[in-house]
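*Asks:* When you get a sec, could you build the whole thing from the sequences and use the hints?
Residue numbers (this note's numbering), protein chains in the order written: chain U, 1 to 366; chain Y, 1001 to 1247; chain S, 2001 to 2305.
One thing to keep in mind: the hints can contain errors.
Below, computed lysine-lysine pairings styled on BS3-like, alpha-carbon distance capped at 25 Å [claimed, not checked]:
id	chain 1	residue 1	chain 2	residue 2
1	S	K2179	S	K2206
2	U	K360	S	K2072
3	U	K5	S	K2072
4	S	K2110	U	K5
5	U	K197	S	K2072
These are calculated hints, taken from the structure and not from any lab test.
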Amino acid sequence: MNSFKGFVIKELYHIFRDRRTMLILFGMPVVQLILFGFAIRNEVNNAYIAVLDLSKDDVSEAIVNKLLSSGYFRLAEYIESEERIEAVFRRGKVKEVIIFEPQFAQRLRSEGTAHLRIVADAADPNMAKLLVSYTTAITNGYAQELGQRASIVVVPEVKLLYNPELKSVYMFVPGLVALILMLVSALMTSITITREKELGTMEILLVSPLRPFQIIAGKVLPYLLLSLINVLSVLALARFLFGVPFRGSFLLFMVESLLFILTALSLGIMISTVSKTQQAAMMISLGGLMLPTILLSGFVFPVENMPVPLQVISHIIPARWFVVIARGIMLKGTGLDYLWKETLVLAGMATLLLSISVRKFNERLQ
Amino acid sequence: MASEPVIVARNLTKRFGAFTAVDNISFEVMPGEIFGFLGANGAGKTTAMKMLSGLLSPTTGEARVAGYDVFTQAESIKSRIGYMSQRFSLYEDMTAWENIRFYGGIYGLRMDAIRDKAAQLLGRLGMEHVRDSRIGALPLGWKQKLAFSVALLHNPAIVFLDEPTGGVDPLTRRQFWELIYEAAASGVTIFITTHYMDEAEYCGRVSIMVDGRIEALDTPGGLKQAFDAQSMDEVFVRLARGAQYAE
Amino acid sequence: MSAVQAEALRKTFGNVTAVEDLSFAIEHGELFGCIGPDGAGKTTLFRMLTSLLVPDAGSATVMGCDTVRDYKQLRRRIGYMPGRFSLYQDLTIEENLAFFASIFGTTVEKNYEMIADIYRQIEPFKKRRAGQLSGGMKQKLALSCALIHKPDILFLDEPTTGVDAVSRREFWEMLRRLKEGGMTIVVSTPYMDEAGKCDRIALMQKGHILGIDTPDNITGSYARPLLDMRGADVYRLILALREFPHTHSVFAFGESVHYTDSRSSADPEALAVFLRSRGFANITIEPIRASVEDSFMELLEQHDG
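*Replies:* Now the structure itself:
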């Protein structure tokens, strides 16, 4: 145990004494969060909506007011019939039409549910999704004000409505967590191991009585801890800077993060076993892990939008599964009962990769 | 050869922050001399070499190399000097001919001139048969001899050799020195660093740097006499021992 | 049983044979030198003996442990210093030492007397990072790190390469003291002049051992008559001697030239006459005993020829 402690301490020295490592570890998550945050936030602003109010009661009026006062929407016009919807969209100014069903307030009070349809302009699917999610969030917020039993069922209608789950501007946070964990865990691990090879210190470690798993554990544990700290700091920043909600179980989220981190660390170790120099390790990490994580995980481009071959490939991207899990827990508050499949896949990947990497990590030079 | 010195350094100093790497060194080197530039690790040899080859500006002092000022005419200096070190010599993934063509091109030699020189050079080294072999596949000794010849390709006035014989077997080392002698006899000035003290004896004159200063400069015979030593090794040890832990 | 026993060790990398059928033994308490230029196979040999590489053929035992089968046991008993002083540049002297002690499950305090002699010389700078040390200090630190777990045998791969003459000398003094304390030391070096510091040496070239014996026996078995010549212009002297009909070899050696004759005995008088005819006055000619370097070159020529 003593030798293990010494190993971890030494690894922490490396981390805290290298300004570049510190910057990647702690500066980059903040910068990325802010960049992504503002880039995406600035998209929704003063979007024009049209309202078809078949109820014309106090509740529908209140919801429209709520929407308009949110700052995201501006009223283009009230329309009188469904036939007008297409015409409104064709003019291009209006991005979204909101339709209240007849007797909206009455149904809400007597039956506890009322239906609200949202038709969004399918020309810009990302924007459409954002608008629908904003409207939904604001409407739900209003329903909660009314009382526990009142629920407004929002029926979104976007022609490209491939994904009827809640889509919001907050979508990027789970993806970002995945990206940062991949970067810190895989990239930094592969670099720190190959650095020892370059230095020649790996030879001394190998001829010492340390077992390969001890070397791996000693190298990896500090990065695991730092990764967890990174998860916390990204969540905190997202919450306080952008008001991103966290609806599900925090504990579950951390456990899932741990699984994902283990997967990423194993990938980092595997990369280090095939690269001789830090440069090579960095190139493989960036090209082989970072790009797929950004492009194929559904973080930036929805998986459902991809051509089928890419969708198939996306299954082997660990981040793809983690992004689904993280979005579920954070934004929808879902638990293990819904996410068990993804969790199982991730756990399987972690176990498989970890055992491969420990085995591949040779106790000799060749 | 009654001529001007090819290297003149006067009170040359280089500081990095508070650290003085080269401290007020002065010396002259004549054309065709083999000048040994010795010193312990960290004594400032590399920094001094960089200043003389126009890669680094001195903090104070002056120096002229091949007639050019190191402050204002660094580019002209570079065209008149050759350089070879143990670490960087030739591109391993290129053939002997490709390396020669590349270096010839860098120094603005015409293609037919490069071709002539390559044939001449490979012939003299007895390496015609490896003209189209990759450098990486050649024995270390061959690489070094070839690298030295390539450094002479553009007829430089001075060649800087930074530990050129490190790790080479004693036979190849001597063959290498014969190339050096041959070049010097043809008028090229050789400026060489080495850790082999017996090689210091092969030099016309030797300077020994300690902590950034030149503590001794004379012929090997003169130095041995002055320090009452049997070998250059002893001279070196006596001079450097005092400085060991002062760093 | 010998401290190291190698039987027909062989290792190839691709189509390069780094070490070819090496067999030798190193006794307990011996200071054994592997001497040869780059590419002689010294590092590959060391890596096989320290269990870092598995030989393609042959076998070796170190301190009674088979280097392949008993490698776990072996690794507790050896101290290994790879080339290039493998230290953590961003850790201080004391942090490096404490780390290497910890991976062997020990502490600096517990084994201090093992390294005291060497470590005391760098202890005043213990808060300094390894990256800022001079070559000589790095070398001392690396040796301390290799000794901190009280190994039974030390493998030092080119510990003096790239280090100045003063540090090299001091380093050999340290090794001598360790040997007096009973340590078995296997060291490699490209410097022929360090051969004399070893009890026995193996002269290596291109994966082969050209000769293995005490330095005295190696130089003593030098067969050719050897003459040391001193004169003003060494280069011209060499060129002139090459034209002498009975010359076997002529090499510069420090300030003098070593000449060997192709006959069983040399004739200094005839040489002097020959040189005078070529315009060399005041050449001293003296028969001398061969050095390790002379022997090495002779063995090289025999081997290649």
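*Asks:* Are the hints correct? Go through all of them and say.
*Replies:* Tested hints:
1. For the hint linking K2179 of chain S to K2206 of chain S, the alpha-carbon distance of about 29 Å lies beyond 25 Å, and the restraint is violated.
2. Using a Cα cut-off of 25 Å, the hinted pair K360 of chain U and K2072 of chain S holds, with the two alpha carbons roughly 18 Å apart.
3. Between K5 of chain U and K2072 of chain S the alpha-carbon distance is near 21 Å, which keeps this suggested pair within the 25 Å criterion.
4. In summary, the hint linking K2110 of chain S to K5 of chain U is supported, as the alpha carbons are separated by about 17 Å, within the 25 Å threshold.
5. About 21 Å separates the Cα atoms of K197 of chain U and K2072 of chain S, which keeps this hinted pair within 25 Å; it holds.
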